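Position chain B with the ligands against the provided structure of chain A, taking the given hints into account.
Chains as they are written, first to last, in my numbering: chain A, 125 to 711; chain B, 704 to 935.
Source of the hints: derived by calculation from the structure; they are not laboratory data. Among the hints, erroneous ones may be present.
Cut-off 25 Å, straight-line C-alpha distance, at most; resulting in silico cross-link-like pairs (SDA-like, lysine to any residue) [as the list claims (entries may be wrong)]: (1) K930/B x A207/A; (2) K869/B x K273/A; (3) K620/A x Q278/A; (4) K162/A x K273/A; (5) K918/B x K273/A; (6) K918/B x E151/A; (7) K273/A x K350/A; (8) K303/A x S583/A; (9) K136/A x A901/B.
In silico negatives: residues of chain B with every beta carbon more than 12 Å from chain A [as the list claims (entries may be wrong)]: (10) F758; (11) A770; (12) G788; (13) R789; (14) E820; (15) V842; (16) D868; (17) L876; (18) R903; (19) D908; (20) S909; (21) I927.
Because the structure is a prediction, the values reported are computed rather than measured. C-beta atoms are modelled at their ideal positions from N, C-alpha and C, and glycine is treated no differently.
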Amino acid sequence: MMYDQTRRKPEKFLGVITAGSLAKGVEARIRTLTPLEKIQTGQFVAVECEGVRFFGLLTDVTLGATSDSVLLDPPYPGDSGSALLREVLHGVYTYGDAHIQPSLSLQNGEDQPRPVRSVPSHFAPVFIAEESDFQQVFGLENIAENGHKFAVGQPLDMDIDVCLDLERFVERSNGIFGKSGTGKSVLTRLILSGLIRANTCSNLVFDMHNEYGSVTKGEYSNQQIKGLRDLFGSRVMVYAVRDRRPGDKAREQRATVADGDIVIGMNHIDVEDILLLRNELQLNATAAESAYILQNKFGDRWMETLLDMDGEALKEFCENNGANSNSITALKRKLGAIARMPFVEKNHRSLRVIDDMVAALAAGRHVIVQFGGSDDLLSYMLVANIITRSIHKKYKELTERYKRTQQAQDEPRRVMITIEEAHKFLTPEVAGQTIFGTIAREMRKYYVTLLVVDQRPSSIDSEVLSQIGTRIVALINDERDIDAVFTGVSGSAGLKTVLASLDSRQQALLLGHASPMPVVIRTRPFDEIFYRAITHGQSSIPAFVRPSNGNGHSDTEGEDDGRESFDEWVKKQDEIQLEKDKADLFG
Amino acid sequence: MTESFLSTRHPFLTEAKNSSSAEPDHAETPVGEVVETSLTGFVAHTYKLDEPPPFGGLVRVRDRGGATEIFGAVYHIATGGLDPGRRAATRGTGLPAQNDEQIYIDNPQLARLLKTEFGVLVLGCSRPHTGSRRSFSYVFPDYPPPLHYSVTLCSDQTLVEFTEDKSYLRAILEAPQVPAEELIAAVLRRATRAREAAGRMFLVDSLRYLARNLKQDYDRFKIIVEKCEGVQ
Ligand SMILES: Nc1ncnc2c1ncn2[C@@H]1O[C@H](COP(=O)(O)OP(=O)(O)OP(=O)(O)O)[C@@H](O)[C@H]1O
Ligand SMILES: [Mg+2]
Chain A
125 MMYDQTRRKP EKFLGVITAG SLAKGVEARI RTLTPLEKIQ TGQFVAVECE
175 GVRFFGLLTD VTLGATSDSV LLDPPYPGDS GSALLREVLH GVYTYGDAHI
225 QPSLSLQNGE DQPRPVRSVP SHFAPVFIAE ESDFQQVFGL ENIAENGHKF
275 AVGQPLDMDI DVCLDLERFV ERSNGIFGKS GTGKSVLTRL ILSGLIRANT
325 CSNLVFDMHN EYGSVTKGEY SNQQIKGLRD LFGSRVMVYA VRDRRPGDKA
375 REQRATVADG DIVIGMNHID VEDILLLRNE LQLNATAAES AYILQNKFGD
425 RWMETLLDMD GEALKEFCEN NGANSNSITA LKRKLGAIAR MPFVEKNHRS
475 LRVIDDMVAA LAAGRHVIVQ FGGSDDLLSY MLVANIITRS IHKKYKELTE
525 RYKRTQQAQD EPRRVMITIE EAHKFLTPEV AGQTIFGTIA REMRKYYVTL
575 LVVDQRPSSI DSEVLSQIGT RIVALINDER DIDAVFTGVS GSAGLKTVLA
625 SLDSRQQALL LGHASPMPVV IRTRPFDEIF YRAITHGQSS IPAFVRPSNG
675 NGHSDTEGED DGRESFDEWV KKQDEIQLEK DKADLFG
Chain B
704 MTESFLSTRH PFLTEAKNSS SAEPDHAETP VGEVVETSLT GFVAHTYKLD
754 EPPPFGGLVR VRDRGGATEI FGAVYHIATG GLDPGRRAAT RGTGLPAQND
804 EQIYIDNPQL ARLLKTEFGV LVLGCSRPHT GSRRSFSYVF PDYPPPLHYS
854 VTLCSDQTLV EFTEDKSYLR AILEAPQVPA EELIAAVLRR ATRAREAAGR
904 MFLVDSLRYL ARNLKQDYDR FKIIVEKCEG VQ
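In isolation and in its complexed conformation, chain A is listed as follows (with noise of 0.2 Å):
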């Protein structure tokens, strides 16, 4: 695309450039007649040299002047001329700097900007971006067309799509930041929506406050906001953790209809998920090393085991064990308390829901786990931790055979899994030893990321933050949760005065591997508008089955209900392939 720097407008004219680094951005000093009080940071801006058109993001404004005796003995309101004077001193004895931070570059006669790797020269001139340098750097939004580009908002100034793309989008893990009531959970819902759309992969959504699967009251009178459920019918699967035990009759029933109910017994419950309740179950680091010991003991029998010791028994198991038994009584105590729980059972239980539900992520379809409606952030994240562990294993299997294979049928289906409140999950302290962690830093190897949303960002451990791939970022005060947000980011000091200016509302900059450079977006509005352009010309589905049987889903019947499991399932498509490359081989 060749470009013609005379077609811009005069009015679009910012100032020229003057000094800077790449490492630090450039100053662009501002055009005389521009009153400095219309620029603001977060403009998307274009520079343009000979034969290379730059775009960058503008970070800041600073006063400065050119004679200390104008600061001296400066126009006071009042003062003879000074109105006059004033007005001829800006521009001359004094002025503004924009401090732009250079992020893409467009050669004369290619069409794809690219990473910069140079500066603009002196006095290249500096224009406040168009809607086709929009174009040129986000693409038009495609997903219609079975493209990948979706937009997921505005320019502060302009009336123009930014889009991002989703096929980069889910190469790595993700984060979408910003101070309670910014829009995090709406900019989350518009962007698996565009990713269930898109079809790029399938999400899990961890879905703490019930609000992503069906309709939620919005804070603006009358708001509806629809949940993925209503929107994408059956290819969006609501699974419920239980939340009443069977006959409890006193609980009221679910009002949403779910396609299963989630039951864990202990058996399933491991060391690993005890250890990331650490903090809410208040256990000290004897009680883990105890629950390592009793787990070595008895293996997935320990929390069973340990709940039904008496008094003799448990002091009996420290004697011989070498445990020390105040911690181990403590830790029975704790454990109490997830036993209690509705969804967890003592007996031992295969995980046959939680099966269903990787096979119906595998099978392209997408996930939402409910939690009841109540706010319990244990049972969120037991459940979360639990679920997440066996989707690992299981996808770290069919990675590991189509790595054997290599045929096009048996890559895995990407998955990204959304967690609410991530930070309870990527503490320092746990995000060595958690699975979240795992993910997060392994990334895409096994096909498995992560959409972290969060209103604390400086709790997460910044080995994980390093590793985001996206940023969408709502506003956030906090200096520490601003710095956790651009950990890992270069020339991050100007995105930071970026941020600090954004709307309370609504608004985020977005910056990372899925956009070509940062930008501030106001976000696209999750209206009727939307639900009828995401759905436009899309074809319904019939409802799930799983591929190896047709009885629905229950987890009321016991171990042995016929049903194969995925996981003989999985060695049977494994038994199969091994017959068929047999057979290539030998005729």
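Just chain B with the ligands, lined up with the frame of chain A:
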């Protein structure tokens, strides 16, 4: 206020100036004759006693070939005895009821004994006509204006055209022995008024141009701005 500083000097000039500026360029009437000349400036005597062009006014003189005109600003005006050795003496009564103007009516010979002279700082010249628009170059002419050639006060239209380019301001700033701040302010005030509604923009642009040339001398710049405040 338009002619305030002139009307105190001469009550009749207001009328004369107004009628000339309303007429097209070619009808501008000569106001004086060159009596001393150099490349950088010249001195002229007025045709009529006490009817000089105003301070800061733009005047022009044709060159000998007739193709080029030389432009300058009036920076000095003085009236005195024709004979340099002789000064004027008092002629009034000193009584409170005296009408000063009556002195001229009672002594008509004064017009022959006195002379009014004005000094002009050369600012540029017009290039030979190309098409209909006149264009200016803000450099010295090849030769000084010829002695005894007539000096004409330019119309507002010419003033507007000549001051469009701001380079002439630097010539004033750098001229020795002229009251530069006063002269600049006077030229700017006239050129601003001549532009009517567009005047303010012109004034701001011109002052910015000056500011760029006075970066090292804020105090001087501030004086000029103060002298321009309140114009229009
Ligand atoms: N893109 C949007 N379209 C329409 N409404 C929005 C949008 N973004 C935010 N809102 C409004 O802002 C409200 C708060 O947004 P949201 O619940 O997403 O905030 P949050 O950052 O997730 O807050 P919390 O940290 O408390 O969970 C919504 O209920 C809705 O009314
Ligand atoms: Mg939220």
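Structure versus earlier hints, numbers of those that do not hold, lowest first: Hints 2, 4, 5, 18, 19, 20 and 21 contradicted; others consistent.
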